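Chemist: Heads up: the sequence lines are chains L and G, in that order. Going by UniProt numbering, the first sequence opens with residue 1, and the numbers climb by one from there. Going by UniProt numbering, the second sequence opens with residue 1, and the numbers climb by one from there.
Hints were generated in silico from the structure; no laboratory data involved. Just to be clear, a hint being listed does not mean it is correct.
The list treats identical chains as one, so a pair stands whether inside a single copy or across any two.
Restricting the straight-line Cα-Cα distance to at most 16 Å, the calculated cross-link-like pairs of lysine to aspartate or glutamate (EDC-like) are [claimed, not checked]:
{"no.": "1", "residue 1": "LYS67", "residue 2": "GLU15"}
{"no.": "2", "residue 1": "LYS67", "residue 2": "ASP28"}
{"no.": "3", "residue 1": "LYS67", "residue 2": "GLU8"}
What you are looking at is a predicted structure, and each value in this text was computed from that prediction instead of being measured.
Number of protein chains: 2
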Amino acid sequence: MKMNNKYEEITIKTEPIFQGKVISLQVDHVRLPNGETATREVVKHPGAVAVLAIKDDKMIVVEQYRKALGRSQVEIPAGKLEQGEDLMEAAKRELEEETGYRCDEVRPVSSFYTSPGFADEILHLFVADRLSAGEANPDEDEFLDCEVISLETAKRYIAEGRISDAKTIAAVYAWQLHRLTGSYTL
Amino acid sequence: MKMNNKYEEITIKTEPIFQGKVISLQVDHVRLPNGETATREVVKHPGAVAVLAIKDDKMIVVEQYRKALGRSQVEIPAGKLEQGEDLMEAAKRELEEETGYRCDEVRPVSSFYTSPGFADEILHLFVADRLSAGEANPDEDEFLDCEVISLETAKRYIAEGRISDAKTIAAVYAWQLHRLTGSYTL
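Could you build all of it, start to finish, from the sequences and the hints given here?
Modeler: Shown next, in the form of structure tokens:
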């Protein structure tokens with residue numbers, strides 16, 4: 001991967017601020033390309049997986065309360081990576097834990113940094129389209145409802161603001177693209 | 001907007017952790033639907049705007065170093081909102097500051113929360129397709145190069161990992177959708 005790092009910011013000092021369950025926060029003091037100094041607030045996150053799970057031409061979503069937003073949201077099944085976990089295994093695990101649906105295979109759609117301005121979180125989006133139903137088994141502090149929706153309903157949820165997160169909107173774009181071209185990927 | 005908040009998490013106490021230039025961090029102690037308590041790490045962000053700017057069927061992008069990722073990335077022009085700023089004015093301002101391109105009009109494509117699991121950041125994506133060239137004027141701690149790329153180059157940059165952030169990937173999906181259907185929105 002060829003990278004132009006001519007504007008690299010050299011770390012002078014890293015100030016650890018917080019170590020939490022999900023994220024940690026540090027402030028990096030950096031030297032800028034012009035020789036001046038600046039600070040960069042950096043949130044560290046273990047990364048996450050999400051699944052566009054399609055059954056009978058409908059998408060499996062979960063509705064859950066998001067404390068950061070102060071309201072419920074409809075999202076595709078997702079969760080953070082556990083240490084050393086294989087991405088595809090993590091995607092299958094999250095799908096099954098949150099919805100009860102199982103799949104033997106997931107395929108990569110896209111991986112993206114959610115907020116490169118302040119966080120290193122990367123989200124790996126997969127598609128699964130051969131599913132069998134089972135029983136959900138969410139984490140002990142996780143409360144959610146599962147729903148199976150058509151593309152038209154997904155678009156309506158986006159218009160209504162019930163779906164409004166980057167990974168689910170990317171998944172719906174990918175699904176729409178698949179309808180038009182047969183491919184989920186760009 | 002109808003919302004199912006039956007799994008609402010009631011805040012018992014908010015612990016302020018950090019107040020920075022870009023983000024702040026707090027830990028919310030909450031009561032869960034089952035009566036148990038838990039903590040939620042919440043990053044507060046002022047929100048951001050981004051522009052899919054199209055000129056002669058090419059997209060205007062900027063390459064800049066991202067400290068959180070430790071490398072350079074190619075992204076669409078974007079920036080955080082200033083207090084009380086109109087979204088469309090902010091989008092036009094960021095486009096002009098980062099690239100020198102000016103536009104009289106931007107149209108909304110999509111708004112999404114980048115990381116609803118731990119942050120309230122919302123990103124408002126606009127499209128601008130009638131542009132005039134001018135001079136870039138980035139912030140004093142911002143160093144970037146502007147480039148104008150075709151859809152095919154954008155897809156190659158995604159494959160190579162040079163484009164790998166949520167807003168730019170959403171923008172490229174929207175651009176691809178526009179090619180196929182005449183509409184940027186889902």
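Chemist: Give a verdict on every hint.
Modeler: Hint check:
Proximity of LYS67 and GLU15 under a CA criterion of 16 Å is satisfied inter-copy only: 14 Å between copies versus 27 Å inside one chain copy. Taking CA atoms no more than 16 Å apart as the test, LYS67 paired with ASP28 passes between copies only; the shortest distance there is 8 Å, against 27 Å inside one copy. Taking CA atoms no more than 16 Å apart as the test, LYS67 paired with GLU8 passes between copies only; the shortest distance there is 8 Å, against 35 Å inside one copy.
Figure legend: structure checked against the earlier numbered hints; every hint is met.
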